[in-house]
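With the sequences and hints as input, model every part of the structure.
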Amino acid sequence: MDTNLINNLISELKRGTQVLAVLSQLRKNQYGYSLLQTLEEKGVSIEAGTLYPLLRRLESQGLLQSEWDTTESKPRKYYVLSKDGIETYETLIQEWRKIILEMDLIIMEETK
Amino acid sequence: MEKNHIRNGFNYYGGNEMKNYIERYIYAVTKRLPEKVRAEVKNELQANINDMLPEKPTDEDIEKVLKTLGHPRVLAKNYETKERYVISPWFYADYISTLKIVMTIVVAVFVTIGFFEAIINLEQQGLFHQIVDVWASIISGAFNGVVTAFAWVTAIFWIIEHAAKTSNCEATWDLKDLPEVPKVNHKAKISKTESMIGLILGTIFSAIFIIILMNYMNVIAIYDDGVIVTQIFNTSVTDTFIIFFIISAVISIAVSLLKIYYGEWKINLAILYTAFEILSTVLFLIFINHPQLILPEVFDTIAFYMEIGSAEVVAGFEKGIRIFTIFVSVVVFIDLSATWFKTLKSIEQK
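Listed in order, the protein sequences are those of chains A and B. Each residue of the first sequence is one higher than the one before, counting from 1 in this note's numbering. Each residue of the second sequence is one higher than the one before, counting from 1 in this note's numbering.
Treat the hints loosely; a few may be bogus.
[Claimed, not checked] Some chain B residues well away from chain A (every beta-carbon gap over 12 Å; in silico):
{"no.": "1", "residue": "N20"}
{"no.": "2", "residue": "R84"}
{"no.": "3", "residue": "Y85"}
{"no.": "4", "residue": "F128"}
{"no.": "5", "residue": "S140"}
{"no.": "6", "residue": "A142"}
{"no.": "7", "residue": "P179"}
{"no.": "8", "residue": "I200"}
{"no.": "9", "residue": "M306"}
{"no.": "10", "residue": "G309"}
{"no.": "11", "residue": "I323"}
{"no.": "12", "residue": "V330"}
{"no.": "13", "residue": "I334"}
{"no.": "14", "residue": "F341"}
{"no.": "15", "residue": "K345"}
[Stated by the list, open to error] Selected chain A positions facing chain B (in silico; Cβ < 10 Å):
{"no.": "16", "residue": "Y31"}
{"no.": "17", "residue": "G32"}
{"no.": "18", "residue": "Y33"}
{"no.": "19", "residue": "S34"}
{"no.": "20", "residue": "L36"}
{"no.": "21", "residue": "Y52"}
{"no.": "22", "residue": "P53"}
{"no.": "23", "residue": "L55"}
{"no.": "24", "residue": "R57"}
{"no.": "25", "residue": "S60"}
{"no.": "26", "residue": "W68"}
{"no.": "27", "residue": "K74"}
{"no.": "28", "residue": "R76"}
{"no.": "29", "residue": "K77"}
[To be verified] In silico SDA-like cross-links for lysine to any residue, where the CA-CA straight-line distance does not exceed 25 Å:
{"no.": "30", "chain 1": "B", "residue 1": "K82", "chain 2": "A", "residue 2": "L20"}
{"no.": "31", "chain 1": "A", "residue 1": "K14", "chain 2": "A", "residue 2": "T50"}
{"no.": "32", "chain 1": "B", "residue 1": "K67", "chain 2": "A", "residue 2": "Q30"}
{"no.": "33", "chain 1": "B", "residue 1": "K77", "chain 2": "A", "residue 2": "G62"}
{"no.": "34", "chain 1": "B", "residue 1": "K64", "chain 2": "A", "residue 2": "S11"}
{"no.": "35", "chain 1": "B", "residue 1": "K64", "chain 2": "A", "residue 2": "Q37"}
{"no.": "36", "chain 1": "A", "residue 1": "K74", "chain 2": "B", "residue 2": "R38"}
{"no.": "37", "chain 1": "A", "residue 1": "K28", "chain 2": "B", "residue 2": "V41"}
{"no.": "38", "chain 1": "B", "residue 1": "K36", "chain 2": "A", "residue 2": "R57"}
These aren't lab readings, by the way, just hints derived from the structure by calculation. On a predicted model such as this, the values are computed, not experimentally measured, just so you know. Each residue gets a CB set at the ideal place from its N, CA and C atoms; glycine is no exception.
Pasting the structure below:
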């Protein structure tokens with residue numbers, strides 16, 4: 001089997017879940033690197049080079065709010081879900097549950 | 001004010017050179033982004049890199065962090081919120097197929113122009129130099145053609161791209177807009193490669209023929225020990241034909257281009273091709289049958305060497321020309337018959 005192809009397919013499959021993973025962790029304030037670490041601890045691997053631009057994009061889409069904290073020695077940009085973001089996240093969760101059920105059903109039928 | 005604060009709060013512990021690398025990395029990312037987001041992305045990246053580095057980072061730490069962030073080009077692309085293209089994938093296939101057609105035509109036209117410019121401006125010099133000149137002109141014509149076609153097609157598609165973006169044509173397409181499936185008739189098809197080769201060879205041979213006709217009639221002669229006994233062709237006759245051969249060559253190139261453009265035999269193309277073929281054949285046959293084309297001295301000389309009468313030589317020569325004339329006519333007739341056979345067959349099928 002072509003491992004390269006499989007890796008590509010897996011990362012494509014995961015790509016759609018990245019937004020969901022990021023939104024799930026942003027009910028409370030997080031800065032880029034702390035979010036990266038939180039996700040890693042929970043076994044969700046996302047590249048730094050993907051996460052940082054993703055945060056910006058989600059903010060420009062109105063799902064996140066950001067604020068610079070310059071009181072510490074290291075200035076940090078904190079992100080948190082906006083009101084729209086919370087609603088969107090909840091809708092996406094419902095969709096996600098539906099996808100899991102549908103996919104499970106299809107796969108189970110096949111393996112029977 | 002805030003920005004200043006951020007810059008001051010950003011501390012490096014690595015060597016100067018490594019610190020420089022961070023700045024260079026950030027610059028390599030932000031320079032590829034729209035101007036209005038550059039400053040913000042720069043601050044973000046600085047903060048993130050700073051966070052990813054340990055308290056007192058070594059040069060290796062800095063290198064590791066920058067490598068983790070990936071190629072600046074990729075990172076910049078990830079930061080891009082909307083896709084930026086000159087020609088988007090939406091139009092790419094059409095762009096390429098248009099480019100192919102336009103490039104073929106424009107290059108052919110430029111090459112033709114280059115060729116005739118070279119012929120018209122030929123200076124009196126050695127044949128080798130003249131051939132080099134003609135070739136240089138043809139090559140520069142081809143190069144100009146490629147660049148011109150590429151620039152125009154790209155610019156036009158770029159405009160279409162922008163127009164399409166605002167008109168939202170993705171949502172409003174109609175079944176009626178779908179193009180007809182072309183009825184490809186393999187018998188009536190004209191091979192592009194064949195036409196191209198025909199065009200190139202035809203151009204080169206006409207060039208050589210016209211150059212010789214214009215400049216070298218005086219060296220085509222019967223020699224005896226390196227001394228010219230007599231010139232063969234009557235220059236006053238050949239000179240009158242030059243303009244006709246040039247016109248014929250131009251039409252020939254135009255017909256070849258049309259063959260490439262249509263790619264199959266159509267009725268109007270067949271008519272044009274027939275008209276040209278007959279005209280050029282007639283021109284050629286008039287040329288070789290012209291009674292004063294060969295100087296009488298030629299016949300006398302041949303008669304002298306062969307030790308027979310001049311009248312006999314002339315009669316033999318005329319017979320040869322007549323046979324050749326019939327031969328050429330038959331070949332052209334067969335070619336035209338085949339063309340019309342293909343054309344009518346393809347019309348019938350439609």
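Going down the list of hints, with the structure as the test:
1. N20: Non-interface label on N20/B holds, nearest chain A Cβ at 20 Å vs cutoff 12 Å.
2. R84: holds, 15 Å
3. Y85: The assertion about Y85/B holds, with a minimum of 18 Å to chain A.
4. F128: holds, 56 Å
5. S140: holds, 46 Å
6. A142: holds, 41 Å
7. P179: Consistent with the label, P179/B stays out of reach of chain A, its closest Cβ about 33 Å off (over 12 Å).
8. I200: holds, 44 Å
9. M306: Per Cβ check, M306/B is outside 12 Å of chain A; nearest 80 Å; holds.
10. G309: holds, 87 Å
11. I323: holds, 69 Å
12. V330: For V330/B, whose nearest Cβ neighbour in chain A is about 62 Å away, the distance exceeds 12 Å, so it holds.
13. I334: Non-interface label on I334/B holds, nearest chain A Cβ at 56 Å vs cutoff 12 Å.
14. F341: F341/B is indeed farther than 12 Å from all Cβ atoms of chain A, at 52 Å.
15. K345: holds, 48 Å
16. Y31: holds, 7 Å
17. G32: Where the cut-off is 10 Å and the nearest Cβ of chain B is about 5 Å from G32/A, the hint holds.
18. Y33: holds, 4 Å
19. S34: holds, 8 Å
20. L36: holds, 8 Å
21. Y52: holds, 6 Å
22. P53: Hint on P53/A: holds, closest Cβ of chain B at ~4 Å, below 10 Å.
23. L55: At about 8 Å, which falls below the 10 Å cut-off, the nearest Cβ of chain B leaves the hint on L55/A intact, so it holds.
24. R57: holds, 6 Å
25. S60: With a minimum Cβ separation of about 6 Å from chain B (threshold 10 Å), the hint on S60/A holds.
26. W68: At about 6 Å, which falls below the 10 Å cut-off, the nearest Cβ of chain B leaves the hint on W68/A intact, so it holds.
27. K74: holds, 5 Å
28. R76: Since the shortest Cβ distance to chain B is 5 Å, the answer is holds.
29. K77: holds, 6 Å
30. K82/B x L20/A: With a Cα-Cα distance of about 21 Å, the restraint between K82/B and L20/A holds, given a limit of 25 Å.
31. K14/A x T50/A: OK: K14/A and T50/A at ~12 Å, within 25 Å.
32. K67/B x Q30/A: Judged against 25 Å, a Cα distance of about 23 Å means the pair holds.
33. K77/B x G62/A: holds, 20 Å
34. K64/B x S11/A: Holds - the C-alpha atoms of S11/A and K64/B are around 23 Å apart, at most 25 Å.
35. K64/B x Q37/A: At roughly 16 Å apart (the allowed maximum being 25 Å), Q37/A and K64/B satisfy the hint.
36. K74/A x R38/B: holds, 20 Å
37. K28/A x V41/B: Measuring from Cα to Cα gives roughly 22 Å; hence the hint holds.
38. K36/B x R57/A: holds, 15 Å
Hint compliance for this structure: no hint is broken.
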